[in-house]
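Enquirer: Model the full assembly from the supplied sequences, consistent with the hints where possible.
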Amino acid sequence: MDTETEIYVIESRKTGQARKTLVQSHIAPVDTELSNDYGCSQGHLESILDSKCASHEISNGAPLEGHEDWRYSKHDRHAVLAPIKKGTELGYFSTMSATLYTSPDIQLICTNSNLILNKIVGTGIFVSPAVVLNATNSKGVSLLLWLSGCFITWAGLFIYLEYGFRWPLTGGELYYIDKVYTRPARLFTYMFASMFVLIGGVQANALTFGREVIIASLGSHPETPVDPRLQKFFAVMVVTFVCQLQAYSRFIYVRLSNILALSKISSLVVISICGFVALGGIRGSNSAINETSYGRANLADAFKTRSSSLDQYSLALLNVMRAFLGYENANLVLEEVKKGPSHDERRTFRRSVIFSVMIVCFLYLMTNVAFFAACTTDEIKSSPETLTLFLEKVFGPSRHAQTAASTVICLSAAGAIMSLTFAYARVKQEIARMGLVPVPQYWSETSQRRTPARALLLHWIFSVICILITPLDGPSGFRLMSTFYSYIHTWFSILLGGALLLAPVLSCFRDENGAPWTPKTSKLGYWLLAPLIIVYVSANAFVLIMSFYHHDTQDGVDRTSQIVSSLIGPIAGHCVLAFGVLWWAWDLYILPRLGYHFATEEKKVYDPKWGIEILDIRYIRSLEPPVAYVYHFLGPILDRCSALFGEK
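So in my numbering, spot 568 of the sequence shown is number 568, and the numbers just go up one at a time.
If you're looking for bench data, these hints aren't it; they were derived computationally from the structure. Backbone N, C-alpha and C fix where the C-beta goes; we use that ideal spot for every residue, glycine too. Hints may be right or wrong, so weigh each one.
[Stated by the list, open to error] Under the rule of at most 20 Å between Cα atoms (straight-line distance), these lysine to any residue pairs were calculated in the SDA-like manner:
1) 520 to 341
2) 520 to 158
3) 520 to 345
4) 304 to 369
5) 381 to 294
6) 523 to 165
7) 523 to 345
8) 603 to 618
9) 523 to 343
10) 304 to 140
11) 520 to 510
12) 523 to 351
13) 381 to 306
14) 523 to 154
15) 520 to 344
16) 520 to 499
17) 520 to 165
18) 381 to 307
19) 381 to 295
20) 603 to 616
21) 381 to 224
22) 381 to 365
23) 523 to 350
24) 520 to 168
25) 339 to 351
26) 381 to 144
27) 523 to 511
28) 304 to 141
29) 520 to 530
30) 304 to 137
31) 381 to 397
[Stated by the list, open to error] Cβ-Cβ distance ranges computed for the label pairs, FRET-style:
32) 252 to 567: 42 to 48 Å
33) 516 to 343: 16 to 22 Å
34) 151 to 304: 20 to 26 Å
35) 514 to 303: 53 to 59 Å
36) 525 to 282: 48 to 54 Å
37) 269 to 249: 25 to 31 Å
38) 586 to 140: 50 to 56 Å
Expert: Below is the structure:
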C-alpha cells in the first residue's frame, strides 16, 4: 500500500484554535526498522500532534476565521522539525555512569537528573549565602530561610510535575501558559515569549565564569579588580563555545554535561565534609592559631542579632529561591525525556526530578552550615568571595585555595550555562514554531545535524547582548542584572500556581475524554496539593510585592560600590512584560488590520534523506510582512551565522 494517513494541524496565531483533518496522501511508506533506529516509532508523531491539539478547540472540517481566502498564498514558508535519535533520550543516569552501573534503568536517571542538577547548582550556592546573611544579619535566620527555600522548592516541584503529567510537551511553561490563559487570546503567551527571547538567561553565570577564569589564571586575590572588558570577553567566549557545541553534537553535549554535573556534586560533598571537620574544631596545619572564632563557636549565638527590615527578608528570600531555580528544567524538554512503561510513562521524569531536588536540598543546607561553621558573620559579610574565605579558614591562606575556589565556581557556571542553553534553545524553537517571532520559518528549522542550530543562534544573540549591557562598575549593578530574570519569572510562577489551584473547575485541565482533572503526584489527592500551591504562590507573591519597596542595596549587600536603586530590577523586568503586550497587540490586532494574516500548518511526512518521519511546518501568510524584506536582505548573513552553529 503506497498511501499513509497524514495528520494536519492548522492553528491560527490570533485565536490559538486548531483543527485536525485526516486526508489520504501519496507518500512513501515508512521503513519501520530504520524509523526505530532513529527513535521515531510507529504512532510517535501522531501522539505528539494529538497532544498538541488536545488543549485547543478542535472542530472537524470547520474552517478557521479568514483562513480559506489565503491558505495557498505564494508567501507561504516551510520549516522542518526532526525527532532525536533513538537511544539518546534523556533518562535516569548519565552515560558517563554506564561504566559503573550495568542496569539500563540506573543508567537512565542521571542524564535527566544532570540536566536539572546542572541548572540548579550554578553560582548561586557560592554567592547567595553571603547575600542572605548580609540581608538578615543572622546565621540562624539565614539557615531558616534556606530551609524555607527547600520547602518552597518542593511545593513548586509538585506543581511542575502536575503540569508535566498533564501536558508532556517540549516548551514547558510556554505551553502551560498558552493552554490555561486563553483570554485574552495568547496575551500571556506573548508576554512569556518576550521574557524568553529578550533575556538570554545565562548572563549572570557567564559573567561569573569570565571573572573566575581571570582570577584562577592569574592566581590573584578575589578583591583584585578585574578588567570588565576582559571579563565580558571570556563570558561571550563560553556562551559561544556552548552554543556551537550543542549545535554540532547533542551526544558530546550530554557526555560533557554529565561530567560537569558530577564535578559540581562532588565539590558540594567535599565542602560539606569540610564543614563537619570545621565543627569538630579541626583545621589545616597552615591555619593561623590566633584567628577569629572557628567551629561550633561560630554557631553558638546564631540568632543573637537579626535584621528588622521586612524588605531585606524579601531580598534574602528572592536570592534563596533564585539559587533553587532549575527544577522546572526537565519540563522544558519533556518530549526528549525517555518514557517509562505504558502504565507509568512519566516515571523517568518524576523520579529524576525528585531525586535531583532531594540531593540539592540536602547539599545546599550542608554547604551553608559549612560556611557558617568555619567563618564568622563579619568575615562573610566583608569577604568578596565566600568559598575562597572558607577554604582559607579550613586549610590556611594560600594561592592554591584561591585557585581551587575559582576553578570550582568556573565549573559550576559552565555546567549551568550548558543546561540553560540546552533547554532555552528548545523553548525558543517552540516559540518560533508557534509563529510568535519574526521570520519563524528560519528560527524553528532543525539543522542537518538534528539540533536546533538556528534557535541556538537566536539564544546566542540575545545572551551576548545581555552580557554586553550588564554594568560591571560595582557588584550591586551586576547583582540586580543577575536577578533580572527572577523578577519576571516570579509572575509566571504565580500564574501557574493559581491556575493549578483552580484546576478542578477549569475545563482546560480535563483530559481528552472530558474526565475531570485529578492530581497525579500524590495518592492523597487535591487536599495535599492545595496547601503546597498556596505556600508556593504566597512566597512568590511576597517576593514580588516587597521587591517594589525601597531597600538600599548599599546598606543591605554592598558597602563599597556605587548605590544602585533596588527598583531597577523590578521596573526593568516589567518593561519586558510590557514589550510583550505591545508585541501581542502588533501581531494580533494591528497587522491584521493592515491585511496581514498568519497561521501554521503541521503535517507528518516521510523524509527519504534521513529515512524517518518528520514534521513539516507550513507558515501560511496572506502577504509578506515588512520584516520579511529585511530578512531577504540579511538572509545570506544569517545563513553564514547558521553555518557556525551546526548547519551544512
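Enquirer: Decide, hint by hint, whether the structure agrees.
Expert: Going down the list of hints, with the structure as the test:
no.: 1; hint: 520 to 341; in the structure: holds (16 Å)
no.: 2; hint: 520 to 158; in the structure: holds (9 Å)
no.: 3; hint: 520 to 345; in the structure: holds (12 Å)
no.: 4; hint: 304 to 369; in the structure: holds (17 Å)
no.: 5; hint: 381 to 294; in the structure: holds (16 Å)
no.: 6; hint: 523 to 165; in the structure: holds (15 Å)
no.: 7; hint: 523 to 345; in the structure: holds (17 Å)
no.: 8; hint: 603 to 618; in the structure: holds (8 Å)
no.: 9; hint: 523 to 343; in the structure: holds (16 Å)
no.: 10; hint: 304 to 140; in the structure: holds (9 Å)
no.: 11; hint: 520 to 510; in the structure: holds (13 Å)
no.: 12; hint: 523 to 351; in the structure: holds (16 Å)
no.: 13; hint: 381 to 306; in the structure: holds (13 Å)
no.: 14; hint: 523 to 154; in the structure: holds (17 Å)
no.: 15; hint: 520 to 344; in the structure: holds (11 Å)
no.: 16; hint: 520 to 499; in the structure: holds (16 Å)
no.: 17; hint: 520 to 165; in the structure: holds (7 Å)
no.: 18; hint: 381 to 307; in the structure: holds (14 Å)
no.: 19; hint: 381 to 295; in the structure: holds (18 Å)
no.: 20; hint: 603 to 616; in the structure: holds (5 Å)
no.: 21; hint: 381 to 224; in the structure: holds (17 Å)
no.: 22; hint: 381 to 365; in the structure: holds (19 Å)
no.: 23; hint: 523 to 350; in the structure: holds (14 Å)
no.: 24; hint: 520 to 168; in the structure: holds (13 Å)
no.: 25; hint: 339 to 351; in the structure: holds (12 Å)
no.: 26; hint: 381 to 144; in the structure: holds (18 Å)
no.: 27; hint: 523 to 511; in the structure: holds (19 Å)
no.: 28; hint: 304 to 141; in the structure: holds (10 Å)
no.: 29; hint: 520 to 530; in the structure: holds (13 Å)
no.: 30; hint: 304 to 137; in the structure: holds (9 Å)
no.: 31; hint: 381 to 397; in the structure: holds (18 Å)
no.: 32; hint: 252 to 567: 42 to 48 Å; in the structure: holds (43 Å)
no.: 33; hint: 516 to 343: 16 to 22 Å; in the structure: holds (21 Å)
no.: 34; hint: 151 to 304: 20 to 26 Å; in the structure: holds (25 Å)
no.: 35; hint: 514 to 303: 53 to 59 Å; in the structure: holds (54 Å)
no.: 36; hint: 525 to 282: 48 to 54 Å; in the structure: holds (50 Å)
no.: 37; hint: 269 to 249: 25 to 31 Å; in the structure: holds (30 Å)
no.: 38; hint: 586 to 140: 50 to 56 Å; in the structure: holds (52 Å)
In summary, the structure agrees with every hint in the numbered list given earlier.
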